[in-house]
Structures are given as C-alpha cells and as structure tokens.
Amino acid sequence: MASANVLHALYNDDDILMKAVKELRAKKYRIIDVYTPFPVHGLDKAMGLAPTRLAITSFLYGLVGLSVATLMMNYIMIEDWPRNIGGKPSFSYLQNMPAFVPIMFELTVFFAAHLMVITFYLRSKIWPFRKAENPDVRTTDDHFLIEVDAANHDLDELSKFLYDTGASEISLIHNEEHA
Amino acid sequence: MYTFSSKLRLFAIISMVLGLVGLVYGFLSVPHTVEEASAVLASHDAHHESESSESHEETNFIDEARQEHGYSEAAMSKDKDMGHNAHEDEEHMEHVLHQMQSKPWSAAFVAAFFFMMIALGALVFYAIQTAAQAGWSPVLFRVMEGITHYLLPGSIIVLLIVVFAGEHFYPWQNHELVAEDQILQDKSGYLNFPFWLIRSVIYVAGWNLYRFFARKNSLAMDTAEDDRPYKNLFKFSIYFLAFFLVTESTMAWDWFMSMTPHWYSTLYAWYILAGIMVSAVTVIAIVTVSLKAIGQLEFVNDSHLHDLAKFMFGFSIFWTYLWFGQFMLIWYANIPEEVTYFILRIQEYNPIFFGMLILNFVFPIVILMNSDFKRVSWFVVIAGTIILVGHYIDIFLLVMPSTVGPYWSFGITEFAAILFFLGLFILMVGLGLSRVSLRPKNNPFLVESEHFHY
Numbered sequence: 001m002a003s004a005n006v007l008h009a010l011y012n013d014d015d016i017l018m019k020a021v022k023e024l025r026a027k028k029y030r031i032i033d034v035y036t037p038f039p040v041h042g043l044d045k046a047m048g049l050a051p052t053r054l055a056i057t058s059f060l061y062g063l064v065g066l067s068v069a070t071l072m073m074n075y076i077m078i079e080d081w082p083r084n085i086g087g088k089p090s091f092s093y094l095q096n097m098p099a100f101v102p103i104m105f106e107l108t109v110f111f112a113a114h115l116m117v118i119t120f121y122l123r124s125k126i127w128p129f130r131k132a133e134n135p136d137v138r139t140t141d142d143h144f145l146i147e148v149d150a151a152n153h154d155l156d157e158l159s160k161f162l163y164d165t166g167a168s169e170i171s172l173i174h175n176e177e178h179a
Numbered sequence: 180m181y182t183f184s185s186k187l188r189l190f191a192i193i194s195m196v197l198g199l200v201g202l203v204y205g206f207l208s209v210p211h212t213v214e215e216a217s218a219v220l221a222s223h224d225a226h227h228e229s230e231s232s233e234s235h236e237e238t239n240f241i242d243e244a245r246q247e248h249g250y251s252e253a254a255m256s257k258d259k260d261m262g263h264n265a266h267e268d269e270e271h272m273e274h275v276l277h278q279m280q281s282k283p284w285s286a287a288f289v290a291a292f293f294f295m296m297i298a299l300g301a302l303v304f305y306a307i308q309t310a311a312q313a314g315w316s317p318v319l320f321r322v323m324e325g326i327t328h329y330l331l332p333g334s335i336i337v338l339l340i341v342v343f344a345g346e347h348f349y350p351w352q353n354h355e356l357v358a359e360d361q362i363l364q365d366k367s368g369y370l371n372f373p374f375w376l377i378r379s380v381i382y383v384a385g386w387n388l389y390r391f392f393a394r395k396n397s398l399a400m401d402t403a404e405d406d407r408p409y410k411n412l413f414k415f416s417i418y419f420l421a422f423f424l425v426t427e428s429t430m431a432w433d434w435f436m437s438m439t440p441h442w443y444s445t446l447y448a449w450y451i452l453a454g455i456m457v458s459a460v461t462v463i464a465i466v467t468v469s470l471k472a473i474g475q476l477e478f479v480n481d482s483h484l485h486d487l488a489k490f491m492f493g494f495s496i497f498w499t500y501l502w503f504g505q506f507m508l509i510w511y512a513n514i515p516e517e518v519t520y521f522i523l524r525i526q527e528y529n530p531i532f533f534g535m536l537i538l539n540f541v542f543p544i545v546i547l548m549n550s551d552f553k554r555v556s557w558f559v560v561i562a563g564t565i566i567l568v569g570h571y572i573d574i575f576l577l578v579m580p581s582t583v584g585p586y587w588s589f590g591i592t593e594f595a596a597i598l599f600f601l602g603l604f605i606l607m608v609g610l611g612l613s614r615v616s617l618r619p620k621n622n623p624f625l626v627e628s629e630h631f632h633y
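Those protein sequence lines, which keep their order, are chains A and B. Per my numbering, the very first residue in the first sequence carries number 1; after that it's consecutive. Per my numbering, the very first residue in the second sequence carries number 180; after that it's consecutive.
Be careful, since some hints might not be right.
[To be verified] Derived DSBU-like pairs (lysine-lysine); straight-line CA-CA distance at most 30 angstroms:
#, chain 1, residue 1, chain 2, residue 2
1, A, Lys-125, A, Lys-22
2, B, Lys-395, A, Lys-22
3, A, Lys-160, A, Lys-19
4, A, Lys-19, B, Lys-620
5, B, Lys-414, B, Lys-395
6, B, Lys-395, B, Lys-471
7, B, Lys-620, B, Lys-395
8, A, Lys-160, A, Lys-28
9, B, Lys-620, B, Lys-489
10, B, Lys-414, B, Lys-620
11, B, Lys-489, A, Lys-19
12, A, Lys-45, B, Lys-471
13, B, Lys-471, B, Lys-620
14, B, Lys-489, A, Lys-45
15, A, Lys-45, A, Lys-22
FYI, nobody ran anything at the bench for these hints, they're computed from the structure.
Chain B on its own, in the form it takes in the complex:
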C-alpha cells in the first residue's frame, strides 16, 4: 500500500499556489488597449530591430524553396488569422491586441491539456489492455488507474478553459467575422457555439463515465466471488474505445483545428492521438519506476518496464510518422491556404519547431533502440523526460501559433501554468495511487502477468 508522502503533497500544493499566482499575474498583465499593445510592440521591436533587419537579409526557407523572394510574407498577409505586418494599420493593431490578450489563455490551455491528455491517454491504454485481454499488463493496472484519477479535475478545467476562452481561441465564434466570410458561413452547421458546447460536454462526460465504471469494477474484482466485474470491465472498455476513437477525432477538430477555421488536415486527429498515447505511456513508465524506487510494486519486473519502453519507442516513431505525413504533403503541395500553417511555425517558432523533432524523434530512437537499455530504469526515465518536454512543445505549437501568432514567448505565465497543473497532477495521481493496494486481485490474467518474462 502506497502512502502519499507529506513532502510530495507539500511540493504539489506549493507549486499549485505559485502557479496560480503566476497565472493571475499573466492574466492581469496583458495589454488592455490598443495604445498599450503598441507600446509593448514598440519595445519589442526596439529589441529586435537589429536582428530582424538581418533576418530579412538572410534567405528565408520558404522563399528559397519557392525561388520567389517575398512569397511567404505575401502568403501570410493574405491569411486573416495570422497577419503580422502593417503595424500602423488601426484594424491590425486591434488584431495584435487580441492576440496578446489570448496569450495567458493559451498558456493555461497548453498546460491544462498537456496534463489532461496524459490522464486520458493512460485511460485509453488501460482500456486497450483490458479489451485485448493482455497478459503482461494487469500488474500495472492500479498505476494506470491512479494516473487516470487526474482525468476528472483535469478535463473539467480544460472544458472550462475552451468554453470561456471563446473568441480568444476560436475565430468562428466571432459573428462579425463569420458575417463577411463565406467559408465560415458554410461551416457554421458544424462550427456553431451550441453544437460545439454540447459536443465538448459529451466528450468530457463520456470519458469520465468510463473512468468511473472501470475503476468501480476493477475495485469490485478484488472482493468478487464470480467474474462479473471482470466481464463488465471488458465490455465497458470495448464500448469506451469505440466512443473514444470518434470523440478524440472530433475533439481534435473542435478544440484545436477550429482555432484556424480555414485550415484543415485529415491527419490531424491521428497525429494528436499519437502524442496523447506516447505521453501517457511515458508517464506510466516513469510512475512505475518511481514507485519501484521507493520499494513499492515488488511484483513488477524489468520485463514489464521493457514492454512500456517498447511502447514509448514505438509511439514516438508513430508520432513522427504522422507529423511528417502531415508536414510533407502540405510542404510539397505548397497551396497558400494550407501552407500558412507551417510558414508561421517555421518562421516565428523555428528553433522549437525543429528542436521538437530532435526531442520527440532522434532522442527516443537513439536512447531506446538498444534492447538492454529499455530495462535500465534511469535510461527510461531520461528518455521519458525528454519525450514529455518534447510533447509539451508539441501542444504549445498546436495552440500558440494559432492563437497569439508571432507574439509568443515563454515567460512567467507559461511556466506558472505548467507549475499549477503539474502540482494538481501530482496531487491527484498521488491521492489516486494511495487509495487502495497497488496489487490488484482476482484479475484472470494476474498470475500470467506476475510471471511475465521476456
């Protein structure tokens, strides 16, 4: 039986308090008027004037590929969501102000979604293991259930953020914009606030409902006389997986892709799913290693760790495959309405855009390729930390360019958001793990799992 140590609890609470203070500061310090935004922009420009004049000199990736100087800037200025030149334009300044005001919302959303998707991914992984009647993993079920304990608060906060962020995230909620935009009018049958809200509530309710019933039946199994709780869990898992794979796609469209309502990609939902799965498996592995390090989970052996590390390795490559599949088609076709998505990210977010690929692909493949390394716990933890940082950046790049455009930075607000949700995550997962014995009972595959060796 794991006891949630008071030190860890204190750490979680302190980071939540610090994070909350930082978030409040972030929301209060945004510019409120066009004048204030201009002042911020002027001081920003003064810093970067020398740099940016140089960067105009040096050849630009897209222009060079296209062999057409100024192509990328012309393409960007045509895109309403992402325009970033013509500083003197009054209307444009309002847009800049709007983007600056969206920054704390985006920072909160990135961190909130990042930790929520870990809990959600762990729940999906758990459902897959149950539905597949996997023989190796039942010893890890209590760990996965502990991580999913964060899902309820995490998903409710995410829901509140996307609902109240409103036009900060979703241009299609702006009626004036829709009135003069044929494309958005055509899409309004799907992208309208009431329908969108109903969908969002259904996602969160459905996921949490499965979590509730899965946990209930899993605990009932410990004292059960027959196999009814096991059968129920098995059935619920299958229904949940069908429900999840549909809602995950629409969730990705609703919460992320509709931030740039003109732009679309059919791979998008898969690509987000890959990120969810790799982060979740990584956290399962890290929590397992941590619990083993303090003498818990004596029934988990290094073959279980090996399997988790294999999933980390595999899903990292899967994520890269989908990321690249999306990138290459858009890059090659080079259609202005599509390619703006990547032009903005490559020009304004260059170091983290390509750096993320090194963190999410090169490091996992190099560190986790060797079979023996997958059994060394500190190797798995190092690889896992790199993967988690990389996937935070991935979510950052999904949200930030679409909501704040070029006016991004990583400062107090972003860091505070991570601190707050990390604290909440540790608190909820710690409480979830300490409720019951970490060794499940009466699962038909438990004995096989305990003897699992490779």
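If we strip away everything but chain A, and leave its shape as in the complex, we get:
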C-alpha cells in the first residue's frame, strides 16, 4: 500500500470538511487520515473508522480500581490494623462497607480515567520526545487537512474534485521513502 503520491487538501470549516469527506468516500477515493484542530463530531463515522474500543478498556480499568480499593481497604482497616472509629469497630468489611464506598468510588474513577488516557497515548503512539507527525502546522490552529491517496488516480481529475468540495488549498506530496 505504499503510495507514491499523496494529496493534501486543506479546508477552513468543519462543515465543509465533513461534506468533503462524505463525497470523497462516495467516489471511492481512499482517505489516509484527517487532521483537525479540534474533535469534529461524526467525523469518525463519516470516515468509516471502526468504533473505538477505548470505552471497554475504561470499564475494565474501573473494575481493576474497584478491586484494588476493596483489597487495599480490607487489608488496611480490617486485617492489618482494625480500629474503632465512631463506635464502629472494623471486624468485617461488609459491615463497614459504607465507610469505604467513597474510597472505592474514587479509585474506580482514578484507575478508569488515568489508565484510559495512558492507553490512548500508547495506542496513538504518543510518548515523550516523539516528533509530531503533523503534515501542516496550521491544522493545530484553524485549518483542517485531508490526506488523500493519489496513487492510480488521475491527479488533475482528483485535484479538480477536491477543489469542488471546497478545499482552500491543495498540494501534492511526493513520498520519497515509499517510492
């Protein structure tokens, strides 16, 4: 799938971008990626990306957090050093459970949130000192960029098509590494 030629089409409005993505897909052009300065609702569906599985991992991390909190509080407050707080001696986890619910809740949220973000970073191959792959710095400000596979397509025809979808700027990129 090494594509020699890639077209970069820049847009300056998310609605026009959405429309362009839908039209490109309808014409069976292959979109390599889309770069946007902010999340565009429905873009993943329009691009035909598989639904994210991040939510499932988040749920599992939450369960891990709940288990960690339960085991931790059971060890600290029941097994290792039971204390009598407010006339409630800690001899049974279940009976003292209401007191531990805030901790169980907080650690569930803590684990779910942090591990989900870390998973997202790893899955997106973002880590410290990694060089940004951004094809055009303006996509971090106010521009939207569609990367279209131009291999085996008539360049003039494709450029004309992209221009008609409302692209404000179109540039051809020769991909030396893959050529």
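Once you've looked at the hints, dock chain B against the given chain A.
Using the frame of chain A, we list chain B on its own:
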C-alpha cells in the same frame, strides 16, 4: 396527530374504577377501636411469632455494628414517632391504632405523589430545556407537555390528601403533642397549620400557573408571526426554575420531612429532587418509545432516545449519590436522634430498603452503561420500568415508615392506589397528547433538533 385510542381510554377508566373501589375498601377496613387494633396485632403476631423469635436470635445489623446488644431497640423506644414495643401499654395501643388508621392515607399519598412528581419533573425538565435553549430536545416538547397535563388534577389531589390526612401524617399538627414537646414548640413558627397550608397552596398554584402559561405560549408559537411567544416562554421558564428550586425544597420539608418532625437532614430536598427528575425523564423516554412504536413521532430519531437514556443513567447515579450521602453520614455519626430514621427502615423494611438500591442503581448502571444499548428502545423500556418500580418503592419508604411505622404491608389498598392514579395518569396524559399535533412549529431550535445526530 395522535388519537387517544378507545381501548387505552377504557383500560384507564377501568383501572381507575377498580382502584377507587380498592381505596374505599382500604379506608373502610381500618380498625376503629383499640380492641380491633389489638385483635389485628394478635393475629399478626401469631403469624410471625416463630419468625420474630428467630430474628431476635440472629444478630441485628445495628447492634452488631455498635457491638452493643439491644442498642437499636432501646434507641427506637426512645423515639416517640416510631415506638413499637410494649404491646400491653394502653397509650401505646392508641398509637398503634393511629398508625393502622394512617395506612390507607399513606397508600393513597404514595401513589398520588409518585404520579404527580412524574408530571412535575417533566415540567421542570421542559423548563430546563427551554431556559437552556437546548438544541436537541424541541421535537420532544409536545410529549413533555402531554405528560404535564396530569399536573393539575394530580397536584390538586396530592394537596387534598396532605391537607385532610392531618395528624395521620404530621404529628406537629397534634396540639397535645406540641404542648409537651419543647422541640416542636420551637419549630412551631414554621410548622404551624395556617402557614403550612398557605405554603402548600402556593407550591401547587405556582407550578400549575407555569404549566398554563408555558403551554399557552408553546401553542401560540405554532401560529405566531413573530418570536414573542418564544421569548415569553423563555422568560417564564427561568422564573419558574427559580421558583421551583425553592418550593421543591420547602415542599420536601413540609410534605415529607415534617412527618418525623424531630428528625432532619439537609440533603433531603435534593434527594427527593433527584428521584423526581429520574422518574420524569424515564416516563418521557417510555412515552416517546410508545408513540414511536405506533408510528407517531417519525421526526424523533434514536439520537434523541440516546440522550434521554443518558439522562436516565445520569440521574439514577445522581439519586444514588444523594441517597448514599445522606445514609453514610447518619450511619457513621450514629446519633440516636438521627439514626432512628434508618434503624426503622433497615429493621422493618429490610428487603425493600436494600432491594430498592439494586433497582435504582445496579440495574440502570448495568443496563444503560453501554452506549449502543441506549439506542435500543426495548432496552430503554426495560430499564425504565425497573427505575419506575424502584422509585415507587423510594417514595413508599419516604412515607410509610414515618406514618405507619412497622405496621406496613403491600396489599389491596396500596395496589388499588397505584391502579387509580395510573388510570388517571394515562387518561390525562393521553388526552394531553391527543389535543394538538405532536410536531411543534416555529420553535427556533426545531430544525436543529430534527437534524440532531450523535
């Protein structure tokens, strides 16, 4: 345009008639004298003698936590509102008689308030959507307005019940009791009958007034040339929300918390508000799904359902949060004057007290957690049914332990009360929905709402 089918109308009327018969039976069958109450108690005890002797053997939740055998019973006997031992005591038997006589009143109130709070919650949700200028919800406005059609009869019945129940619900209305009770005397500046009655009338009048003007302006929008009705509705909604959030708190104190006038909790009004909101959003979702199932509301898509289900999910968790916030502080502090509230509920209402948490928290969280499930209408209906049952029990537990103490049961009277108010609710909502087209016109956010997708 929705037409209220004659079958549904017949069903509503039949259940109202059956419910009314059952309620009359319930009011007539209460014991009238101390002797009759003793007879009921004796037959009741005969049934439970073997059980209760066993339950005394098995360790009691509070006693065990407190490591003090007999603590909970001692605490209960100190509380005047909830005493339940010393059967031979003449004065106590009068108290028991009083509690037994309160049962049909309480059953009627639980069901009446449950259905009224659905209409009220739908009205508040509607006001929030209008005041927030929400873009997703205008296609559902006619559905919400239809549900709020029940508010007028529902709130008037609730008002009549709380006024005429009198001492059956509110011990502070008993002058003899107040005369020997310093705490109630101190509170009598707020808890006195005339002031309480004025407040109650203001709540009901204020809510219904907003409903009247909101509906009027919403219908005027359909034919309006300019945006004046929309602006009026927007303004009324803001005023109503400010009015409602104050009156909801005082309503919760006046109608529910003053049933146990010594006991108080600052979270209480919020907690009732959470129950009101989750029940109302659930009914909006169920009515929407039902109307879609018979081919109405073709302009409502599954993204709208998704949003309603998100609110059901969110408010269920919010309700649990407040319930637990109230429970944990009282449980942990374990101050006798506060903890009696939960001791009574845990000891005498144990299965439904904890069962309610499963219905209101565990089921919604498990069923509605998955994003895709929120778009499947029968999933939402199942979750909604569970939530509604759970919140009926919630209201039951707010009222019953405070008014009838340990002498509760779920029998003909309670069931009849549900039937009667369910019938009235279906009748009024059906009529409200069938008055006008279910598709509003000229709302500035209508187009956005129709194209809403997620």
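Against the structure, the hints come out as follows:
For the proposed pair Lys-125 of chain A and Lys-22 of chain A, the alpha carbon gap of about 27 angstroms is at most 30 angstroms, so the pair holds. Taking the CA atoms of Lys-395 of chain B and Lys-22 of chain A, the gap is near 43 angstroms; set against the 30 angstroms cutoff, the hint is violated. Between Lys-160 of chain A and Lys-19 of chain A the CA atoms are separated by roughly 16 angstroms; this keeps the pair inside 30 angstroms, and the hint holds. Restraint check for Lys-19 of chain A and Lys-620 of chain B: satisfied, since their Cα atoms lie roughly 28 angstroms apart, inside the 30 angstroms limit.
At most 30 angstroms may separate the alpha-carbon atoms for a hinted pair to count; Lys-414 of chain B and Lys-395 of chain B meet this at roughly 14 angstroms. A threshold of 30 angstroms between alpha carbons decides the hint, and for Lys-395 of chain B with Lys-471 of chain B the separation of about 25 angstroms falls inside it, so the pair holds. The straight-line distance between the Cα atoms of Lys-620 of chain B and Lys-395 of chain B is roughly 14 angstroms, inside the 30 angstroms bound, and the hint therefore holds. Between Lys-160 of chain A and Lys-28 of chain A the CA atoms are separated by roughly 16 angstroms; this keeps the pair inside 30 angstroms, and the hint holds.
Only pairs whose Cα atoms come within 30 angstroms are accepted, and Lys-620 of chain B paired with Lys-489 of chain B is accepted, the gap being roughly 26 angstroms. The hinted pair formed by Lys-414 of chain B and Lys-620 of chain B meets the criterion: a straight-line CA distance of about 19 angstroms does not exceed 30 angstroms. For the suggested pair Lys-489 of chain B and Lys-19 of chain A, the alpha carbons sit about 28 angstroms apart, so the restraint of at most 30 angstroms is met. For a cut-off of 30 angstroms, the pair hint linking Lys-45 of chain A to Lys-471 of chain B stands: about 25 angstroms separates their Cα positions.
Between the alpha carbons of Lys-471 of chain B and Lys-620 of chain B the distance comes to roughly 19 angstroms, so the proposed pair stays at or under 30 angstroms and holds. A threshold of 30 angstroms between alpha carbons decides the hint, and for Lys-489 of chain B with Lys-45 of chain A the separation of about 20 angstroms falls inside it, so the pair holds. A threshold of 30 angstroms between alpha carbons decides the hint, and for Lys-45 of chain A with Lys-22 of chain A the separation of about 10 angstroms falls inside it, so the pair holds.
Violated hints amount to a single one, hint 2; each of the other numbered hints is respected by the structure.
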